[in-house]
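So the chains spell out like this:
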Amino acid sequence: MTATDERGQRVQGEAIETEPKHRVVVGLLLTAGVAVALGAALLGLPRGRQQLSEVARYAMQSSLPSWHLTEPVNEVVYGSRGFDTFGETFLLLAAVVSVVLLSRPREPRSGYFGEDIAGRREQAEIDPAEAPDSGEREARRAESAESDEESESSDDPDSDADTSAAQKKVAVEHRPKTPDNELVGGRGPEQAEAMSIIIRGAVRTATPILAVTGCYLVAWGYSPGGGFPGGAVILGVVLLVYAGFGRKRVARVVQPKLIETIEMAGAALIILTEAFGLFLKGSFSANWLPLTPPQTIRSGGIVQLFSGGELVEVGTGLIIAVFALLAMSHDWARDKSEDEPDNAEESDANENEPAAQTANAAGGEDQ
Amino acid sequence: MIVANYLVAGFVFCAGLYTVLTRRNLIKIVMGLSLMEGSTYLLFISMAYREGSTAPVLVSPPGGRNAHDLVRGNVADPVLQNFCLTAIVIGVAVTAVFLTIVVRIAQHYRTLDADKIRELRG
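For the protein sequence lines, the chains are S and Y, in the order given.
Counting from 180, one number per residue, gives the positions in the first sequence under my numbering.
Counting from 5, one number per residue, gives the positions in the second sequence under my numbering.
Treat each hint with caution, since some may be false.
[Stated by the list, open to error] Taking lysine-lysine and the BS3-like style, the derived pairs with C-alpha atoms no more than 30 Å apart in a straight line are: (1) Y:Lys32 with S:Lys200; (2) S:Lys427 with S:Lys356; (3) S:Lys436 with Y:Lys120; (4) S:Lys356 with S:Lys436; (5) Y:Lys120 with Y:Lys32.
[Said to hold, decoys possible] Some chain Y residues judged to face chain S by a derived CB distance under 8 Å, without partners named: (6) Ile6; (7) Cys18; (8) Leu25; (9) Arg28; (10) Met35; (11) Leu46; (12) Val61; (13) Leu62; (14) Asp81; (15) Val83; (16) Leu103; (17) Asp119; (18) Ile121.
Because the hints were derived from the structure by calculation, they are not lab data.
The C-beta atom is built at its ideal place from N, Cα and C for all residues, glycine as well.
Given only the sequences and the hints, what does the whole structure look like? Please build it.
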């Protein structure tokens, strides 16, 4: 075991070299046992010469005649095994809701970024004497710099953003918008919020192509799996813009109110698509739309509709999960160190939001 | 030679299992779980393989075959590919939940060491 002391900063170097493990022998034995069992089972698997299974043959045969689909995988996902995909959709939704709940700060939310601070009372009760080390101080400084910038940017545009922007101007001044004028290979962390012009140009070029390709392949039913890969492409586009242009650019679009509404609309579309089959055709997830010729936008009937709903659902769900994770701020542990000399402006920034502070206190009481 | 894929999938699974069992860093435990998930993707896709087969796509099949040949015979298994798609989505969702919990644990206990989290606090 290493001397991992929460307060000592000398641990940092050692912790990398001798990483603590536990139950090494038991773990090795168990892994070896599993490896033997798995190896025996895997060696007994058929090796690429077996017949297609009954389900697979049914999918291959019914895909073109009864669904007008040229993608049997899509037929399986949204047609003959549609109920499974239906359940999977709501498993994904449940996971997204869990992420949102777990990452939720204890204040009213207005954006994924720039959430405020809570839990000081608990920290004072638990461990009032804990002193911050240098790493913690550095992390706090970086975080407070970000939250300064954030409170300037991501507030509602119709509220008093202008006045607070003017106030925070001084604090933000040292963070340039783009790193184009900075020396390459400078020391220290990058301060600019966007990336260099090369990356921005590449992102500008790539994202429209990516977005159009992803949506086109889903809409015409060419992508195996339909909305699932399409949704991942949508997330990729948003993340590219986020990485290349910084938070402010995406924070205008990626707002909880908007994204969560779209997500729920996608879920409702999927439920309605499947349930209409029950009402109109007598069985859940039966096709109730007319089939157009193959390789057109409505060729699969409800398969295409389901796939489109899944595109919305997966895309927004992944965006919510990723941005909720990215924006998780401190919740329970102490966030400000009062005994630090250099946090005068931090406490200033704190007093700008008295409403949020009282909300925290009220939320903390009922623990 | 598809058996090599099977064995690699088994090895990746065991590497993930060993990580989960012996590491104390929670992030690495989540990475181990992701490895185990990834091994199932490889296994599904490898099991969908058929010798000399083509993809289960009914548009312009290669080598002078037409769609009717494909329907009758030699294609990769679309159902197992569907399983793989499902597994990927579930894997992403589960990993997101795990990571959220890990961040909360790190904020609450100020450590990522699984052995230090057992003590009750707060």
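Taking the hints in turn, this is what the structure says about them:
1. This hinted pair checks out: Y:Lys32 and S:Lys200 have alpha carbons roughly 11 Å apart, not beyond 30 Å.
2. For a cut-off of 30 Å, the pair hint linking S:Lys427 to S:Lys356 stands: about 10 Å separates their Cα positions.
3. Our distance criterion of 30 Å between C-alpha atoms is broken by S:Lys436 and Y:Lys120, whose separation comes to about 38 Å.
4. Taken as a hint, the S:Lys356 and S:Lys436 pair is honoured in the structure, with Cα atoms around 27 Å apart against an allowance of 30 Å.
5. With a C-alpha separation of about 15 Å, the suggested pair Y:Lys120 and Y:Lys32 falls inside the 30 Å cut-off, and the hint holds.
6. Below 8 Å, beta-carbon pairs count as interface contacts, and Y:Ile6 has one with chain S at about 5 Å; its hint therefore holds.
7. With a cut of 8 Å, the hint placing Y:Cys18 at the interface with chain S holds, because the nearest CB-to-CB distance is about 5 Å.
8. For Y:Leu25, the shortest C-beta to C-beta distance to chain S is roughly 3 Å, which falls under 8 Å, so the interface hint holds.
9. The interface hint given for Y:Arg28 holds, since its Cβ lies 5 Å from the closest Cβ of chain S, which is under the 8 Å cut-off.
10. The beta carbon of Y:Met35 is not positioned within 8 Å of any beta carbon in chain S (closest approach about 13 Å), and the interface hint is therefore violated.
11. Of the supplied interface hints, the one on Y:Leu46 is violated, with its beta-carbon coming no nearer than about 11 Å to a beta-carbon of chain S, more than 8 Å.
12. A hinted interface residue such as Y:Val61 counts as satisfied when its beta carbon comes closer than 8 Å to some beta carbon of chain S; here the least separation is about 6 Å, so the hint holds.
13. Taking 8 Å as the C-beta contact cut-off toward chain S, the hint placing Y:Leu62 at the interface holds, the least distance being around 4 Å.
14. Look at Y:Asp81: its Cβ gets to within about 5 Å of chain S, closer than 8 Å, so that hint holds up.
15. Residue-level restraint check for Y:Val83 holds (minimum Cβ-Cβ distance to chain S is 5 Å; threshold 8 Å).
16. With a cut of 8 Å, the hint placing Y:Leu103 at the interface with chain S holds, because the nearest CB-to-CB distance is about 6 Å.
17. For Y:Asp119, the suggested interface contact is upheld, since its CB lies about 6 Å from the closest CB of chain S, less than 8 Å.
18. Interface restraint check: Y:Ile121 against chain S, minimum CB-CB distance 13 Å, threshold 8 Å, status violated.
Of the hints listed earlier, those the structure fails to meet are numbers 3, 10, 11, 18, in rising order.
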